[in-house]
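Colleague: Go by the hints and put chain Z onto chain F.
There are 2 protein chains.
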Amino acid sequence: MMNVPNIIERIRELINDDTLDQLKEELNGYHSADLADIFVELRSDERLECFRLLDVEKAAELVEYLSPQMQVELLGDIDEEVASKIITKLPHDAAADVLGDMEEDGETYLDKLPHKFSAEVRELLTYNEDTAGGIMNPAVLTVNSDMSVLDVLNHIRIKAEKDNMELYYVYVVDKQNHLLGVVSLRKLLTSPINQKVEDIMISDIVKLHVDDYSDYVTDVFTKYQYNALPVVDLYNRLKGMITWDDVQDLVEVETTEEIYQSSGISTELVDEDEILTGNILHSVRARTPWLFITLLGEFVAVNVAHHFDSTLAALPIVAIFMPLLAGLGGNIGTQSITLMVRGFSTGQITLSSALYHIIREMFIGLCIGILFGMLVMAATWGWQHNIELGVVVGIAMAINMTMATVIGTFTPFALKALKVDPAVASGPVIATTIDVVGLAVYFTLVSTFLIKII
Amino acid sequence: MMNVPNIIERIRELINDDTLDQLKEELNGYHSADLADIFVELRSDERLECFRLLDVEKAAELVEYLSPQMQVELLGDIDEEVASKIITKLPHDAAADVLGDMEEDGETYLDKLPHKFSAEVRELLTYNEDTAGGIMNPAVLTVNSDMSVLDVLNHIRIKAEKDNMELYYVYVVDKQNHLLGVVSLRKLLTSPINQKVEDIMISDIVKLHVDDYSDYVTDVFTKYQYNALPVVDLYNRLKGMITWDDVQDLVEVETTEEIYQSSGISTELVDEDEILTGNILHSVRARTPWLFITLLGEFVAVNVAHHFDSTLAALPIVAIFMPLLAGLGGNIGTQSITLMVRGFSTGQITLSSALYHIIREMFIGLCIGILFGMLVMAATWGWQHNIELGVVVGIAMAINMTMATVIGTFTPFALKALKVDPAVASGPVIATTIDVVGLAVYFTLVSTFLIKII
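Protein chains in written order, with the working numbering: chain F, 241 to 694; chain Z, 241 to 694.
Isolated chain F (complex conformation) (with noise of 0.2 Å):
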């Protein structure tokens, strides 16, 4: 898309230079995603040296691009009066965003920016950040049923430009506000210019409501489709809207979420910006819960191996094994919930198809698992010249696989059959179920067939 890497250079020779006016034309004519590209490889002072080179306008579009750290950072640093202008030229979601984050600071830009403005912005504090409340626009334009087409278009040409509205629907409401009907852009403007709004409106509305947390704002519109969403309270009256870039946001912090999750990383616990670069005792906090099952559970593994030390003791070479088989039993577990859970997160999979998704991954398991049973006894053979030995690695290989993929299956499913998220659960207690169903199976071969031989 761009060399972001010359362009710093670039940059730093203007500063250099102190060729200030050069820098600010050349700052001011890129695109506002592309300075936000531009800003995070910056040093946060010739960040700050850059920013206060931009135009209001371009300002407050770059804002809208950078992560919450750096919003406060740049408009913390500069002059109130110019930060005051950037705030009140930002959509009243990413302005109530912005001035949530800011925390005392904000308050006191509130006070001074315009009444109408920090009034709306305030409402928006008060509900939730995971909620429609929290991330809706209050700016909607809306209209009455018995207005028709030109009445609407010349409404939208006063107001959407005054108020500097976004605009894919127009929304039909009553005089208390409540919502009655939707009209498209496109609906709008292939209709007779005399019509009336409540004859081509639609009044079958999906909206969404003040108090929805974000994951179901999310699953709305992926299953939906639209570009926005009105939002409404208990009594029906529109509050906001959503529209389809504030979901992407939201799409790609619960993606992260899910893939944290995956690997037992824990995002109930601690926020998930915290994690990758905040206080290290979250990190070590959102990190330790699941590890901490794990450890129990391979103490289990552990006393399960140790149920057999007269056998170690008879045969150590039967001990070199176990992290090949405990590996391989991981790694095909693994896929396996991680195809069951992602198939859960996209709607791929339904509880009714569990039978066959078992069925199906204990064939895969089964295939594989003899596929590497019989390459683990050859290899075994081979180098320890021991037959007995390499048959019994091989059948304990492919009994462990298949049975991983089983395991790997059949728990997401029951997990989510109870009601308990998969993608939390599975990981790290299916990880260690198969180290000790697997080193048990293992064992009991060797002490059942290997020691008698010997």
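These aren't lab readings, by the way, just hints derived from the structure by calculation.
Since we're looking at a predicted model, the values are computed, not measured.
Heads up, a few of these hints could be off.
As the list makes no split between identical chains, a pair holds if one copy fits it or if it spans any two.
[Claimed, not checked] Below are the BS3-like pairs computed for lysine-lysine, each with C-alpha atoms no more than 30 Å apart in a straight line:
| no. | residue 1 | residue 2 |
| --- | --- | --- |
| 1 | Lys463 | Lys447 |
| 2 | Lys352 | Lys463 |
| 3 | Lys656 | Lys436 |
| 4 | Lys325 | Lys399 |
| 5 | Lys399 | Lys436 |
| 6 | Lys659 | Lys447 |
| 7 | Lys427 | Lys447 |
| 8 | Lys298 | Lys329 |
| 9 | Lys298 | Lys427 |
| 10 | Lys415 | Lys264 |
| 11 | Lys356 | Lys264 |
| 12 | Lys427 | Lys399 |
| 13 | Lys463 | Lys264 |
| 14 | Lys356 | Lys329 |
| 15 | Lys659 | Lys352 |
| 16 | Lys463 | Lys329 |
| 17 | Lys659 | Lys399 |
| 18 | Lys329 | Lys264 |
| 19 | Lys427 | Lys325 |
| 20 | Lys325 | Lys264 |
| 21 | Lys264 | Lys447 |
| 22 | Lys436 | Lys659 |
| 23 | Lys447 | Lys656 |
| 24 | Lys264 | Lys427 |
| 25 | Lys352 | Lys264 |
| 26 | Lys325 | Lys415 |
| 27 | Lys656 | Lys352 |
| 28 | Lys329 | Lys447 |
| 29 | Lys436 | Lys329 |
| 30 | Lys415 | Lys427 |
Modeller: For chain Z alone, coordinates are given in the frame of chain F:
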């Protein structure tokens, strides 16, 4: 959103009672996205029966929400005449996808469709389906730069209605269809009606090229957050546009691939759709390569353990702690990999921050390692009444976990620097590396300190 099982039950009742008029009315009353959720849960004979009852418009809307397999299943089983009508109602890009998936049957249908429609669909089918050309919709509303706002509004009124066009932006082209600029509907509706298009259009256009790959397409959309982007050919001639809902589907597929790859499921050898429900041998093929790498790696681990045969023979009890060390090392290492790979993917981590993250993760590994080392020491001491064994296992645990975070952090950065995709290569390679190094550390500690003490 809605109670699917109840609706399914209701539909089955209506089918059994043969009250098909009632069923027809109810089915046509659902939102097509809701219908799609219902259809997934029906048996295939019920699905076909319900599909036959839908109005053509509703059926076309529904088809867009269905999986490719189900599209082909339903359209292939109904009357050809009706299927043609439904296909003609689809946007060109969706029609091309459906007809492409129908293979030979698709050709038959193409011959029966209206000439202009089939010609456009045929052109779409010439593009690689993973490129912007294969994703785009060729039906785009274009205007000339010397038209006035009023001309454009009149043009939209005739054109958008007739050709069932999606409307986000109006694209300005010259006589040879070269892309000159773009005007948003919002700008159009808020500008004076006698203003010339060339005065309000934006000419610094973010655009895509027909040959751009889908991952580039999603990157551009994610970065700039536009609703729609124009697609041009080598000569800047406008060929179509891609809308955000097309991209939403692409992002979901990309995320699935990222998640699959993290557990060593190859999406390069086998199509992502095949892995969950397709031919079992394809699934085996997708899952075997990294398991095979794991097998080789674990054989190295077996060799390391073999090197300490005499230690194992002298003190067989040490063997039982191997799964404990491997399990926890593997888990915490996987957490580090997951954080880095996801960070690269969201852009939160760049190569320049390698040192920061390696050191940060090392500290986290050290904290958790010391904590878990002490737990393991205490547990082993209490259980085996052997303080020396407890100390050695505890120290091995602390070293193992710290080392696992360092390897788990360093490797993705190293792969990224070498231009290898860290998502693909990290998981299985690191898990076995951690096993190998962890066992070496453990056995070295045991043979150095424990054997001597005894």
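Colleague: Against each hint, give a clear statement of whether it holds in the structure.
Modeller: Outcome of the hint check:
1. Proximity of Lys463 and Lys447 under a CA criterion of 30 Å is satisfied in both settings, with 13 Å inside one chain copy and 27 Å between copies.
2. In this homomeric assembly, Lys352 and Lys463 never come within 30 Å of each other (Cα to Cα): the closest approach is 41 Å inside a single copy and 32 Å across copies.
3. Within a single copy, Lys656 and Lys436 get their C-alpha atoms no closer than 49 Å, and across copies no closer than 59 Å, so neither meets the 30 Å cut-off.
4. Taking the shortest alpha-carbon separations for Lys325 and Lys399, only the intra-copy value of 21 Å comes in at or below 30 Å, while the best inter-copy value is 41 Å.
5. For the identical chains of this complex, Lys399 and Lys436 are neighbours both inside a copy (19 Å) and across copies (22 Å), given an alpha-carbon limit of 30 Å.
6. Proximity of Lys659 and Lys447 under a CA criterion of 30 Å is satisfied intra-copy only: 26 Å inside one chain copy versus 45 Å between copies.
7. With identical chains, the CA atoms of Lys427 and Lys447 are at most 30 Å apart both within one copy (19 Å) and between copies (26 Å).
8. In this homomeric assembly, Lys298 and Lys329 come within 30 Å of each other (Cα to Cα) only inside a single copy, at 10 Å, whereas the closest approach across copies is 42 Å.
9. When the C-alpha separation of Lys298 and Lys427 is checked against a cutoff of 30 Å, the pair qualifies only between copies, where the shortest distance is 18 Å, while the shortest distance within a copy is 32 Å.
10. In the homo-oligomer, the alpha carbons of Lys415 and Lys264 never lie at most 30 Å apart, since the shortest distance is 48 Å inside one protomer and 37 Å across protomers.
11. For the identical chains of this complex, Lys356 and Lys264 are neighbours neither inside a copy (32 Å) nor across copies (50 Å), given an alpha-carbon limit of 30 Å.
12. With identical chains, the CA atoms of Lys427 and Lys399 are at most 30 Å apart both within one copy (19 Å) and between copies (12 Å).
13. In this assembly of identical chains, the alpha carbons of Lys463 and Lys264 lie at most 30 Å apart only when taken from different copies (23 Å versus 44 Å within one copy).
14. When the C-alpha separation of Lys356 and Lys329 is checked against a cutoff of 30 Å, the pair qualifies only within one copy, where the shortest distance is 13 Å, while the shortest distance between copies is 46 Å.
15. Taking the shortest Cα distances, Lys659 and Lys352 never come within 30 Å of each other, neither inside one copy (48 Å) nor across copies (49 Å).
16. Taking the shortest alpha-carbon separations for Lys463 and Lys329, only the inter-copy value of 21 Å comes in at or below 30 Å, while the best intra-copy value is 32 Å.
17. For a Cα distance limit of 30 Å, the shortest separation of Lys659 from Lys399 qualifies neither inside one copy, at 47 Å, nor across copies, at 50 Å.
18. In this homomeric assembly, Lys329 and Lys264 come within 30 Å of each other (Cα to Cα) only inside a single copy, at 20 Å, whereas the closest approach across copies is 51 Å.
19. In this assembly of identical chains, the alpha carbons of Lys427 and Lys325 lie at most 30 Å apart only when taken from different copies (23 Å versus 36 Å within one copy).
20. Taking the shortest alpha-carbon separations for Lys325 and Lys264, only the intra-copy value of 19 Å comes in at or below 30 Å, while the best inter-copy value is 57 Å.
21. For the homomeric pair Lys264 and Lys447, the shortest alpha-carbon distance between copies (25 Å) is at most 30 Å, but the shortest distance inside one copy (44 Å) is not.
22. Proximity of Lys436 to Lys659 under the C-alpha cut-off of 30 Å is found in neither arrangement, the shortest distances being 48 Å within a copy and 59 Å between copies.
23. In this assembly of identical chains, Lys447 and Lys656 lie within 30 Å of each other by CA distance solely inside one copy; the values are 28 Å within and 43 Å between copies.
24. Only between protomers do Lys264 and Lys427 lie at most 30 Å apart by alpha-carbon distance; the minimum there is 27 Å, versus 43 Å within a single protomer.
25. In this homomeric assembly, Lys352 and Lys264 come within 30 Å of each other (Cα to Cα) only inside a single copy, at 28 Å, whereas the closest approach across copies is 59 Å.
26. Taking CA atoms no more than 30 Å apart as the test, Lys325 paired with Lys415 passes in neither setting, with 33 Å inside one copy and 43 Å between copies.
27. Taking the shortest Cα distances, Lys656 and Lys352 never come within 30 Å of each other, neither inside one copy (50 Å) nor across copies (47 Å).
28. In this homomeric assembly, Lys329 and Lys447 come within 30 Å of each other (Cα to Cα) both inside a single copy, at 27 Å, and across copies, at 27 Å.
29. For a Cα distance limit of 30 Å, the shortest separation of Lys436 from Lys329 across copies, 27 Å, qualifies, whereas the shortest one inside one copy, 34 Å, does not.
30. In the homo-oligomer, the alpha carbons of Lys415 and Lys427 lie at most 30 Å apart both inside one protomer (23 Å) and across protomers (28 Å), since each shortest distance falls under that limit.
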